[in-house]
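Q: Sequence:
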Amino acid sequence: MAGLPGMMPPGLYLRGLAIGFAIAAAIGPIGLLCIRRTLAEGRAIGLATGLGAATADGLYAAVAAFGLTALSDVLIGQRRALAIVGGALLLLLAARAWPRRHHEISAGTTASLPAPRAAGGARRLAAAWATTLGLTITNPATIVSFAAAFVGFGLVGHGGPGAAALVLGVASGSAAWWVLLVGVVGVLRPRIGPVGLHRVGIASSAIIGFLGLAAIWGGLAG
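With the first letter of the sequence shown counted as 1, position 51 gets the number 36 in my numbering; the numbers rise by one all the way through.
Treat the hints as calculated values from the structure; they're not laboratory data. It is possible that part of the hints are untrue.
Label pairs and their calculated CB-CB ranges [stated by the list, open to error]:
hint, residue 1, residue 2, range
1, L77, A3, 30 to 36 Å
2, G171, A191, 21 to 27 Å
3, G203, A115, 20 to 26 Å
4, A10, R176, 33 to 39 Å
Given the structure is predicted, the values throughout are model-derived calculations rather than measurements. Positions of the beta carbon are idealized from the N, C-alpha and C atoms, including for glycine.
With the hints as extra help, turn the sequences into a complete structure.
A: The following block contains the structure:
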């Protein structure tokens, strides 16, 4: 189904949807952060976290789809500095997310599992969205992934409507993954128990911190 002139081709949208979902589903620091926030702060914060990454995926997909080579070259050329900045942000997030009240979380049974902290309004949702947007933007490998996927699947060289369909598909596919992940984690949360919740918090924060150190090291080593 090619679509009418001036309209977005549905075939390209579906391809973008698959690419966006597949790239987002590769669990990394953003996925761990989304899981951690969903467990500790609830589904709304977890979803806002994921949608921040989906927004960045859409932006980088636009760079690749519309052939904005100058901007792409600048981003890739500054990958070392961006890696250092992104790594520092990961370290900060890991430190802030580290569980500090073990006795409050571990005391009790699964039945007394503490409720997630309230979303706290638009500010906390916006902050959750912005942090993952910034973290994903500071990872130039994202644009390389989309550029490679578009070239590999023969999706380059389309006009405005085609490129727009790809970008919208990528953003939708990425968002669909985060909605799915948050939904699954939210369902499994009561089964984890208070002690398990604390352990997941420690493990996820430690891994995020390690990935932050690795990113800084990679940026410094070039």
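Q: The structure should be examined with respect to each hint, and the outcome stated for every one.
A: To see whether the hints hold, each was checked on the structure:
1. L77 to A3: 30 to 36 Å: 34 Å, holds
2. G171 to A191: 21 to 27 Å: 23 Å, holds
3. G203 to A115: 20 to 26 Å: Given a distance of about 24 Å, which is inside 20 to 26 Å, the answer is holds.
4. A10 to R176: 33 to 39 Å: 22 Å, violated
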